[in-house]
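Based on the hints, put chain B in the right spot on chain A.
Note that the protein sequences, when read in sequence, are chains A and B. What the first sequence shows, in full-length UniProt numbering, is residues 1 to 293, in sequence order. What the second sequence shows, in full-length UniProt numbering, is residues 1 to 293, in sequence order.
Since the hints were derived computationally from the structure, they do not count as laboratory data. Idealized CB from N, CA, C, for every residue including glycine. Treat each hint with caution, since some may be false.
Unchecked claim - Just so you have them, the derived chain A footprint on chain B, three or more residues with Cβ under 8 Å:
| # | stretch |
| --- | --- |
| 1 | 3-9 |
| 2 | 17-29 |
| 3 | 52-65 |
| 4 | 85-91 |
| 5 | 98-105 |
2 protein chains.
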Amino acid sequence: MVRAPDGRVVVTTDLLLEGRHFRLDWSSGYDIGRKAAAQNLSDVVAMGADPTGIVVGLGLPADAAVGWLDDLTDGFRDECDLVGASVAGGDITRSELVVISVTALGDLGGRAPVTRSGARPGDVVAITGRLGYAAAGLALLGAGPAGSSGPIEPSEPSELVGLAELVDAHRRPEPPYARGPQAAVLGATAMLDVSDGLLQDLGHVATASGIALLLDPGAFTVPAVMREAARLTGTDPLEWVLSGGDDHALAATFPAGVRLPEGWTVVGRAAEGTGVQVSGMTPARGGWDHFRE
Amino acid sequence: MVRAPDGRVVVTTDLLLEGRHFRLDWSSGYDIGRKAAAQNLSDVVAMGADPTGIVVGLGLPADAAVGWLDDLTDGFRDECDLVGASVAGGDITRSELVVISVTALGDLGGRAPVTRSGARPGDVVAITGRLGYAAAGLALLGAGPAGSSGPIEPSEPSELVGLAELVDAHRRPEPPYARGPQAAVLGATAMLDVSDGLLQDLGHVATASGIALLLDPGAFTVPAVMREAARLTGTDPLEWVLSGGDDHALAATFPAGVRLPEGWTVVGRAAEGTGVQVSGMTPARGGWDHFRE
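Just chain A, same shape as in the assembly:
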């Protein structure tokens, strides 16, 4: 049973499959639990709600180790502890591959839910949380020696610390939970968490709100460690920032003139029109797979 003092409950669900959403050789059970919980709790705060609980459905192979399951559930619990939510129940069944469904509930505390459809021309677009970290970490994992499950070798030991941060970011996102309800209080007109990549996810806001979103690529910070990872893997780091998924940053639109607290970065504005445009970049392949010009 989960508390719902508001009298309404926000609910969101995700289905995660081994091989598609996580790899058992790249992430521990604990990390998978943290991440599976995080991406749902992040969806809840992106509606402006406070997470209250999750329920979990698990499909596990017959040979799954008990310790792995314990690690997984520890991961669920620890991520929920970050936001004061409970693990309120679950279901376990046999499965060939690991299957994880997570449903998260949230309470609006009397606030109106923030949707994707409320952005208006003149609004500013702002982000909070990490962008591109998980994609960079995934690229490092994928660029490792064939048959290896470790990250790419850094050229200097000192680089390892920073690169490990990126790999950890892939394994375990750190959504800026508190800033979802904060954005709702500040009057956010639309919001979502960045799960598939900023450009693609903002495309949903643009479509739902019937407006265009114009982004300034110069407004984004590319940290040094990400530039180093990009050099090692031969990538443009801005692509990770604009199109990388799984960091669960929050992106929101606010009325112009809003005073945003620390942690938020204004990266663009809403205007009449359609779609998401980045100065100096164009949409490609019908989506927002963003090629640089």
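Frame of chain A; chain B shown alone:
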């Protein structure tokens, strides 16, 4: 968003896998949707709550037909309509096999939740809803000609009507939804929905409540169509009634002297002790796989 006027929300989740929980050649997408929703809505009413909404996670193969998905979602919606609940959201991902997670929410309307742990010695055990129908239907499907996906051939056309009812019961349960909240109002001390078989499920009540449950096999009605199906498949029909799953009947304990309305059948009583005992039957294989003596 789902209403939660009580200020608490009851939540339950199930993960269903193709091949393990349903067969695409035995059930239509519509029936699978109805059944997946039903088994979760049934869990909600078994706590004495009124279902308010479900969210669904779907894993679908790349070659899944759009029409099949439409049928599935129609099934979710129609089952929810029976209890006034909404389909409040979902998530779709690619999968090798069909994977369905359903999470159902419910509102207690100010009532205390009915758990499995409140049965006391002297309580009566009562059931409501169909028992054994789904198991009989499954047996008929499984007994069909090799390679066939149709039910076993009846010896007379007139039998087909009744046997089809059993096969339909496997494909689509008909939980007695209204009787869950009714039982809560009547003072049920423990309750659950019969998903794995009455003896096994009542075993959970006996364990959680720290009591024994004594059942009278003569109190159960075995309908003529089930006796006919048992004759065709060489089965004891009482085994279906006592151990068949998937009908989502409700089983509850009530204080002795309760006046139960129509639809409930008293089938036993709670006593000091442990486990579930059926007169003339003994537990087997460590569980409640119930062999007749």
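### Outcome, coverage of the stretch 3-9 of chain B by chain A - at least 3 residues whose beta-carbon is closer than 8 Å to one in that chain
That given contact holds, which follows from 7 residues of the stretch 3-9 of chain B lying within Cβ reach (below 8 Å) of chain A.
### Query
Are there three or more residues in the stretch 52-65 of chain B whose C-beta lies within less than 8 Å of some C-beta in chain A?
holds (count 6)
### 8 Å C-beta criterion, at least three residues: is the stretch 98-105 of chain B covered by chain A
That given contact holds, which follows from 4 residues of the stretch 98-105 of chain B lying within Cβ reach (below 8 Å) of chain A.
### Message
Is the listed coverage of the stretch 85-91 of chain B by chain A valid when you require three or more residues with a beta carbon under 8 Å from a beta carbon of that chain?
### Response
holds (count 4)
### Query
If you look at each residue in the stretch 17-29 of chain B, do at least three have a Cβ nearer than 8 Å to any Cβ of chain A?
holds (count 3)
Checked against the numbered hints listed earlier, the structure breaks none of them; every hint is satisfied.
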